[in-house]
Amino acid sequence: MVEANGSIAAAAPPLVGQRRRRRRHWGDTLAPYLFILPFIVAFVVLFLGPALYSLGLSFYRYKGYGAAHFLGWSNYLATLRFHAFWSALGNTIFYWVAHVVPMMVIAFLLAIFVRTKFVPFKSVIKPILFVPNIVAIVAASLVFQNLFGTEYGVINWLIGMKIPWLQDYGLARWVVVVVLVWRNVGFWFVVFLAGLTSISPEIEDAARVDGATTWQRLRFITIPLMRNIFLFAFVIDAINSFQLFTEPNVLMGRAGELANEQVAPLLNLLVLNLRSGNFGQASAVSWILFVLIAIASFVQFRLFKSGEGEASE
Amino acid sequence: MTLFASATMPATHWRIRWFRPAMLASWVLLAVLVLLSIYPFLMMFINSFKSDTEIMVNPAALPQQWTLHSYAAVFSANGGLWRNFINGVVIAGTSTVVAVFITAMAAFAFAKYHFVGRNVIFTLLMLTLMVPPQITIPPLYIMFAQLHWINTLQVQIVPTVTSVFGLFMIRQYMLGIPNELLEAARMDGANHWQVFWRIMLPVSAPILGAFAILHFLGVWNAYLWPLIVANRPAVQPIMVSLPNLTDPNIGYLPVWGTIMAGCVVATLPILIVFVIFQDRFMASAVVGAVRE
Numbered sequence: 001m002v003e004a005n006g007s008i009a010a011a012a013p014p015l016v017g018q019r020r021r022r023r024r025h026w027g028d029t030l031a032p033y034l035f036i037l038p039f040i041v042a043f044v045v046l047f048l049g050p051a052l053y054s055l056g057l058s059f060y061r062y063k064g065y066g067a068a069h070f071l072g073w074s075n076y077l078a079t080l081r082f083h084a085f086w087s088a089l090g091n092t093i094f095y096w097v098a099h100v101v102p103m104m105v106i107a108f109l110l111a112i113f114v115r116t117k118f119v120p121f122k123s124v125i126k127p128i129l130f131v132p133n134i135v136a137i138v139a140a141s142l143v144f145q146n147l148f149g150t151e152y153g154v155i156n157w158l159i160g161m162k163i164p165w166l167q168d169y170g171l172a173r174w175v176v177v178v179v180l181v182w183r184n185v186g187f188w189f190v191v192f193l194a195g196l197t198s199i200s201p202e203i204e205d206a207a208r209v210d211g212a213t214t215w216q217r218l219r220f221i222t223i224p225l226m227r228n229i230f231l232f233a234f235v236i237d238a239i240n241s242f243q244l245f246t247e248p249n250v251l252m253g254r255a256g257e258l259a260n261e262q263v264a265p266l267l268n269l270l271v272l273n274l275r276s277g278n279f280g281q282a283s284a285v286s287w288i289l290f291v292l293i294a295i296a297s298f299v300q301f302r303l304f305k306s307g308e309g310e311a312s313e
Numbered sequence: 001m002t003l004f005a006s007a008t009m010p011a012t013h014w015r016i017r018w019f020r021p022a023m024l025a026s027w028v029l030l031a032v033l034v035l036l037s038i039y040p041f042l043m044m045f046i047n048s049f050k051s052d053t054e055i056m057v058n059p060a061a062l063p064q065q066w067t068l069h070s071y072a073a074v075f076s077a078n079g080g081l082w083r084n085f086i087n088g089v090v091i092a093g094t095s096t097v098v099a100v101f102i103t104a105m106a107a108f109a110f111a112k113y114h115f116v117g118r119n120v121i122f123t124l125l126m127l128t129l130m131v132p133p134q135i136t137i138p139p140l141y142i143m144f145a146q147l148h149w150i151n152t153l154q155v156q157i158v159p160t161v162t163s164v165f166g167l168f169m170i171r172q173y174m175l176g177i178p179n180e181l182l183e184a185a186r187m188d189g190a191n192h193w194q195v196f197w198r199i200m201l202p203v204s205a206p207i208l209g210a211f212a213i214l215h216f217l218g219v220w221n222a223y224l225w226p227l228i229v230a231n232r233p234a235v236q237p238i239m240v241s242l243p244n245l246t247d248p249n250i251g252y253l254p255v256w257g258t259i260m261a262g263c264v265v266a267t268l269p270i271l272i273v274f275v276i277f278q279d280r281f282m283a284s285a286v287v288g289a290v291r292e
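Chains as they are written, first to last, in the working numbering: chain V, 1 to 313; chain W, 1 to 292.
Since the hints were made in silico from the structure, they are not lab data.
It cannot be assumed that every hint is accurate.
[Claimed, not checked] Counterexamples of contact, computed for chain W against chain V with all Cβ distances above 10 Å:
#1 Pro63
#2 Gln65
#3 Val90
#4 Val120
#5 Met126
#6 Thr128
#7 Trp149
#8 Asn151
#9 Thr152
#10 Leu153
#11 Gln154
#12 Leu167
#13 Ala205
#14 Pro206
#15 Arg232
#16 Pro243
[Stated by the list, open to error] Okay, the calculated bits of chain W under chain V, using three or more residues with CB under 8 Å as the criterion:
#17 22-36
#18 43-55
#19 105-116
#20 142-148
Where a beta carbon is used, it is the ideal one built from N, C-alpha and C, also for glycine.
All chains, full assembly: derive it from the sequences and hints.
Shown next as structure tokens:
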């Protein structure tokens, strides 16, 4: 039997799920490695290698030339003792927390709303709500800088006041939040809409037949079935929020300068250290960022897991 | 009252309830949302047709005098913002072509071949998704400085070509492509490369398109890395040079008409592509979240 199929097997590649019935040609063994080679080489040279190098660097004082001095944990300790670190951390967490809740709530309600019979022209509404997401972050930030300008701003002109939106840092923080919500709400709306569509209509019909109210269906069917999508959305948004850089710096920076320390996000410390040639300290900052992202992701996984237990009780 | 529209609901039902207050309220709400969504766009376009001086006295209304002066300025500012626009397109375009190509090849191997180390390598790659890419910035800067690549285009292209998320996304799609299709091609005498090039690539076109869009927008949007490695206006992408547009006479006073025109130039091409391929754009948003 093996012999009878020999010619076919010889022509077949070593595909998943297929038993190999002959001695493999060396080219068949090599082929997958050749296919992954360019990606792996690029990944090792441009990510894995530099990442390990960065971890090493974070324990040294290195100016980019000359000798490197081993410092132990000094770079980390110095960063943690630096008052700008704590204000940047505070700002970053503020930007994250202040935008994520309204953004996700609006996106989810929008998704539910657009699925109702009250909304006509769905195929037009959907792209219109998504379109802010395709505007480049720099362009969006510049447009909002124009909208919220003090002297020549659109908003102040419309309301006839001279509110220093971007000069008063307490207000400026909220402008960053507005930009984040405006630009990203349509993205999550589309994701949630796809999630809602993937819930089979039979489940909802069955619940309706059983006399469940709209609220009950939402609370006990829709939201639990969307749990994984919510988890994905919150984790991705947290990761992006800790890597926030462009919005505050373009909104509050002037002509390419970085934003003031009082509104600066964490990544500004990386850039500032890099610009002053403190490569070790810059690396330490980036690894602290990694730890913070890991903590934020872990906490959310735990929260969603505990919520799951509640729902099933 | 039923909130969820049922697929079987007759069209007339909808018309009968046309004037109900709930309907009216939701239409108003919808109009407000649409306006909020596009108002910044509108202002960007409107203000790009005002002169820099008119914006100061008339920031929000329609231009009293429509002018293309800002667009003329965009194409001459900093020795030509168009050059920065082209830089941005070259950087994002090259990166996307390379990324799609090497990622598709790797995804094909991970999806359709058995080989020693496959699962270990793939799992290790996936674990690095947790790591913020910014940790590589200090070493990359040192590496590229030693190569004398600072202030070049390639330093902005090369570090962006690997995407582990793209690998995950494309492999996931390729796993769903039936093996019989590839075996048939093999029986017809196609070699490994031909199976990939003639069968796998065309069949995976939808996911490759979604990935290409995501990747292009990601690189096009990049601000942090180019800000660090490109100080020379001649090699800066448009995203870095746009916020720098200032009045040549008054130092750092921003020239809003010109900046808005620059924003239009940076946005319009993507907007046009979006209008044509909107479904693919929105599918690329969903791909990670829902399809898992």
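Cross-check of the supplied hints:
Chain V leaves proline 63 (chain W) outside its interface by the beta-carbon criterion, the shortest separation being 13 Å against a cut-off of 10 Å. Look at glutamine 65 (chain W): its CB is around 17 Å from the nearest CB on chain V, clear of 10 Å, so calling it non-interface holds up. Listed as outside the interface, valine 90 (chain W) is consistent with that label: its C-beta sits roughly 16 Å from the nearest C-beta of chain V, beyond the 10 Å cut-off. Non-interface status of valine 120 (chain W) relative to chain V is upheld: no Cβ of that chain comes within 10 Å, the nearest being about 12 Å off.
A cut-off of 10 Å between C-beta atoms confirms that methionine 126 (chain W) is not in contact with chain V; the least separation is 12 Å. Once the 10 Å rule is applied to beta carbons, threonine 128 (chain W) is inconsistent with being away from chain V; the minimum gap is 7 Å. At roughly 13 Å from the closest C-beta of chain V, the C-beta of tryptophan 149 (chain W) stays outside 10 Å, upholding its exclusion from the interface. Under the 10 Å C-beta cut-off, the non-interface status given to asparagine 151 (chain W) relative to chain V holds; the minimum distance is some 15 Å.
With a closest Cβ-Cβ approach of about 16 Å to chain V, threonine 152 (chain W) is found to remain outside the 10 Å limit, as its non-interface label requires. Its beta-carbon lying about 16 Å from the closest one in chain V, leucine 153 (chain W) satisfies the requirement of being farther than 10 Å from that chain. With a least beta-carbon separation of about 12 Å from chain V, glutamine 154 (chain W) lies farther than 10 Å from that chain, consistent with its non-interface assignment. A Cβ of chain V approaches the Cβ of leucine 167 (chain W) within 10 Å, the least distance being about 7 Å, so the stated non-interface status is violated.
The Cβ of alanine 205 (chain W) sits about 18 Å from the closest Cβ of chain V, beyond the 10 Å cut-off, so the non-interface label holds. With a least beta-carbon separation of about 15 Å from chain V, proline 206 (chain W) lies farther than 10 Å from that chain, consistent with its non-interface assignment. Under the 10 Å C-beta cut-off, the non-interface status given to arginine 232 (chain W) relative to chain V holds; the minimum distance is some 13 Å. At the 10 Å boundary, the C-beta of proline 243 (chain W) falls inside the reach of chain V, the nearest C-beta of that chain being 5 Å off.
Evaluation of the coverage hint for the segment 22-36 of chain W: fulfilled, as 9 residues show C-beta separations to chain V shorter than 8 Å, against a requirement of three. Here the segment 43-55 of chain W counts 4 residues with a CB under 8 Å from a CB of chain V, which clears the bar of 3, and the coverage holds. Taking a C-beta to C-beta cut-off of 8 Å, the segment 105-116 of chain W contributes 10 residues in contact with chain V, enough for the three needed, and the coverage statement holds. Only when three residues or more bring their CB closer than 8 Å to a CB of chain V does the claim for the segment 142-148 of chain W stand; here the count is 3, and the claim holds.
The structure fails hints 6, 12, 16 (numbered hints given earlier, in ascending order).
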